[in-house]
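Number of protein chains: 2
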Amino acid sequence: MDLLTYFKLITTISAEAENGIVTGFKQQQHPRKHHLCKQGQVVNQLYYIQSGLVRMYYINKQGKDVTYGFYTEQQFVTVPDSFFGHSASRYYLELLEDCALYAVSYQEMTRLREKHSELQLIENHVLRELLLKVSDRIVALQFLSAEERYIKLEESQPSILQRAPLGAIASYLGITQETLSRIRARRLS
Amino acid sequence: MDLLTYFKLITTISAEAENGIVTGFKQQQHPRKHHLCKQGQVVNQLYYIQSGLVRMYYINKQGKDVTYGFYTEQQFVTVPDSFFGHSASRYYLELLEDCALYAVSYQEMTRLREKHSELQLIENHVLRELLLKVSDRIVALQFLSAEERYIKLEESQPSILQRAPLGAIASYLGITQETLSRIRARRLS
DNA sequence: CAGTTCTTTTGACATAGATCAAAAAGCACC
DNA sequence: GGTGCTTTTTGATCTATGTCAAAAGAACTG
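If you're matching them up, the sequences are chains A and F in order. Numbered according to our numbering, the first sequence spans residues 197 to 385. Numbered according to our numbering, the second sequence spans residues 197 to 385.
Read the hints as simulated data drawn from the structure, not as lab findings. Keep in mind that a hint or two might mislead.
Stated by the list, open to error - According to the in silico footprint, chain F covers these stretches of chain A (three or more CB under 8 Å from chain F):
hint, segment
1, 317–323
2, 330–341
What the hints assert, rightly or not - Cut-off 25 Å, straight-line C-alpha distance, at most; resulting in silico cross-link-like pairs (DSS-like, lysine-lysine):
hint, chain 1, residue 1, chain 2, residue 2
3, F, K260, A, K329
4, A, K311, A, K222
5, F, K348, A, K257
6, A, K234, A, K329
7, F, K222, F, K204
8, A, K260, F, K329
9, A, K257, F, K329
10, F, K229, A, K329
11, A, K311, F, K204
12, F, K348, A, K260
13, A, K329, A, K260
14, F, K204, F, K311
15, F, K311, F, K222
16, F, K234, F, K257
17, A, K329, F, K204
18, F, K329, F, K348
19, A, K348, F, K257
20, A, K329, A, K348
21, F, K348, A, K329
22, F, K229, F, K257
23, F, K329, A, K348
24, A, K204, F, K311
25, F, K229, A, K311
26, F, K311, F, K329
27, F, K260, A, K348
28, F, K257, A, K329
29, A, K234, F, K329
30, F, K260, F, K229
As the list claims (entries may be wrong) - Residues of chain F placed beyond 12 Å of chain A at every Cβ, according to the derived structure:
hint, residue
31, K204
32, E214
33, G220
34, Q224
35, G236
36, N240
37, N256
38, T268
39, L292
40, H321
If you're wondering where the values come from, they're calculated on a predicted model, not measured in any experiment. We put the CB at the ideal spot given by N, CA and C, even for glycine.
All chains should be modelled from the sequences, with the hints used to inform the complete structure.
Shown next as structure tokens:
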């Protein structure tokens, strides 16, 4: 879905704000495997995903790649602490599919937000969505078994199971590839 | 710390905004064990904790009480999805100590936000803090062992270990009381 | 399409942490 | 200061999930 169309679902947008959005958000295309950001960089862009799939991950102390989250069509993605705090990112942002994105820089977003109250609203909306998404994860990780977490993902974002590689899904669920593979086998029978 | 003092650490506050804050945020005192919210209610207030300790928890499918988070001095607490979305809360908010709070209603917060750009900034700041806090939890729950999670809590919020009961801490860490007790014993020797 | 490499599955074994049960230690209230 | 609660600790198993290793399957590449 187009960025403006999406915004209009959240709130009504004045003509001036629409103008600001169209110039402030830059359309981009990137191929599969492209990195929007690597560990150590400051992420200065907030991305809206028109189409495609993005994975956020980090490398833990044992050198293992751990998926923090998946982001798809009609979602925003960035590394919040880096974007808002201008700090080095602990995370990588990697495209798992070719993506059509809209990107806005922090400076531009600040300008838009100050000029158009709609953008303020939208930013809050985005933050709340991110917060909600993350809250659900905690509940899952805290007290569901590996299999229950898998089922939960299956219900909430079924397409991920098809679209992302096994290893990425496993670390997202907080389990090993092997265990995920076994869960899958068990569920088929 | 006083609410205004805290706000002034985030941004400069105009005289009018100061006025709005002072009238909009109501000071409250509540005793230990009081509930600010129970499961099923809509949480219409955002709380700033001047002193005391608040626990957010829910009852899971097996009927067990699971701590979602602890909130202390100089933090904001509410149930974000309920407060922002006017939906029924899945969580309880319980005071683990006598608390001095400032409370602002959703409507009042909206009014303040629209009138004073500072409040907008502060709200975003609060959301970002909540998001950061929660992000760290995910990283911990995803790939740290029970003992590592304990150590992490010890480092980031040492006072919780003294102030909250064992069972509440255990479920926060995603483990049983018994395991937590054993971890403690192990670390003392 | 044969060879190389990456991904997923399967198997055997090890272990962190759960569960159940009971003892011990803290607290509160007559 | 004893009697009854609640909270914490300790002990003995049990189980889900991890680890290591190897096989099977897909997916690129020249």
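Results of checking the hints against the structure:
For a cut-off of 8 Å, the count of residues in the segment 317–323 of chain A with a CB near a CB of chain F stands at 3, and the three-residue condition holds. Figure legend: the segment 330–341 of chain A, annotated as covered by chain F; annotation consistent (8 residues with Cβ-Cβ distances under 8 Å, at least 3 required). Of the pairs offered as hints, the one joining K260 (chain F) and K329 (chain A) holds, with about 23 Å between alpha carbons and a cut-off of 25 Å not exceeded. With a C-alpha separation of about 18 Å, the suggested pair K311 (chain A) and K222 (chain A) falls inside the 25 Å cut-off, and the hint holds.
For the proposed pair K348 (chain F) and K257 (chain A), the alpha carbon gap of about 14 Å is at most 25 Å, so the pair holds. Among the hinted pairs, K234 (chain A) with K329 (chain A) is consistent with the structure: their alpha-carbon atoms are about 23 Å apart, no more than 25 Å. For the given pair, K222 (chain F) sits about 18 Å from K204 (chain F) by alpha-carbon distance, which is consistent with the 25 Å threshold. Our distance criterion of 25 Å between C-alpha atoms is met by K260 (chain A) and K329 (chain F), whose separation comes to about 23 Å.
At most 25 Å may separate the alpha-carbon atoms for a hinted pair to count; K257 (chain A) and K329 (chain F) meet this at roughly 20 Å. A distance of roughly 29 Å separates the Cα atoms of K229 (chain F) and K329 (chain A); the hinted pair therefore is violated under the 25 Å criterion. Taken as a hint, the K311 (chain A) and K204 (chain F) pair is honoured in the structure, with Cα atoms around 24 Å apart against an allowance of 25 Å. For the hint linking K348 (chain F) to K260 (chain A), the alpha-carbon distance of about 19 Å falls within 25 Å, and the restraint holds.
Distance hint between K329 (chain A) and K260 (chain A) is fulfilled; the C-alpha atoms sit about 24 Å from each other, no more than 25 Å. At roughly 18 Å between alpha-carbon atoms, K204 (chain F) and K311 (chain F) fall within 25 Å of each other, so this suggested pair holds. With a CA separation close to 18 Å, the supplied pair K311 (chain F) and K222 (chain F) stays within the 25 Å bound. Pair hint K234 (chain F) plus K257 (chain F) holds up; C-alpha atoms about 16 Å apart against a cutoff of 25 Å.
For the suggested pair K329 (chain A) and K204 (chain F), the alpha carbons sit about 30 Å apart, so the restraint of at most 25 Å is broken. The suggested pairing of K329 (chain F) with K348 (chain F) holds, with an alpha-carbon distance near 13 Å, which does not exceed 25 Å. Proposed proximity of K348 (chain A) and K257 (chain F) is supported: the alpha carbons are some 14 Å apart, at most 25 Å. A threshold of 25 Å between alpha carbons decides the hint, and for K329 (chain A) with K348 (chain A) the separation of about 13 Å falls inside it, so the pair holds.
Pair hint K348 (chain F) plus K329 (chain A) holds up; C-alpha atoms about 23 Å apart against a cutoff of 25 Å. As the CA atoms of K229 (chain F) and K257 (chain F) are separated by approximately 23 Å, the hinted pair is consistent with the 25 Å bound. A distance of roughly 23 Å separates the Cα atoms of K329 (chain F) and K348 (chain A); the hinted pair therefore holds under the 25 Å criterion. Only pairs whose Cα atoms come within 25 Å are accepted, and K204 (chain A) paired with K311 (chain F) is accepted, the gap being roughly 23 Å.
Only pairs whose Cα atoms come within 25 Å are accepted, and K229 (chain F) paired with K311 (chain A) is rejected, the gap being roughly 45 Å. For the suggested pair K311 (chain F) and K329 (chain F), the alpha carbons sit about 29 Å apart, so the restraint of at most 25 Å is broken. Among the hinted pairs, K260 (chain F) with K348 (chain A) is consistent with the structure: their alpha-carbon atoms are about 19 Å apart, no more than 25 Å. Our distance criterion of 25 Å between C-alpha atoms is met by K257 (chain F) and K329 (chain A), whose separation comes to about 20 Å.
At roughly 22 Å between alpha-carbon atoms, K234 (chain A) and K329 (chain F) fall within 25 Å of each other, so this suggested pair holds. Taken as a hint, the K260 (chain F) and K229 (chain F) pair is honoured in the structure, with Cα atoms around 18 Å apart against an allowance of 25 Å. Under the 12 Å C-beta cut-off, the non-interface status given to K204 (chain F) relative to chain A holds; the minimum distance is some 19 Å. Interface exclusion of E214 (chain F) from chain A stands, the closest Cβ pair being 21 Å apart, more than 12 Å.
Separation of G220 (chain F) from chain A is adequate, the least Cβ-Cβ distance of about 18 Å exceeding the 12 Å criterion. Listed as a non-interface residue, Q224 (chain F) keeps its Cβ farther than 12 Å from every Cβ of chain A; the least gap is roughly 25 Å. Even its closest Cβ contact with chain A, about 17 Å, leaves G236 (chain F) beyond 12 Å, as expected for a residue assigned away from the interface. The beta carbon of N240 (chain F) sits about 16 Å from the closest Cβ of chain A, which is more than 12 Å, so the claim that it is off the interface holds.
In this structure N256 (chain F) is not separated from chain A by more than 12 Å, as the shortest Cβ-Cβ distance comes to only about 6 Å. Remark: the non-interface label on T268 (chain F) is consistent with the geometry, its nearest Cβ contact in chain A lying 18 Å away (cut-off 12 Å). No Cβ of chain A comes within 12 Å of the Cβ of L292 (chain F); the nearest lies about 19 Å off, and the non-interface call holds. Distance check on H321 (chain F): its Cβ comes as close as 9 Å (rounded) to a Cβ of chain A, failing to clear the 12 Å threshold; non-interface status is violated.
Of the numbered hints stated above, those contradicted by the structure are hints 10, 17, 25, 26, 37, 40, listed in ascending order.
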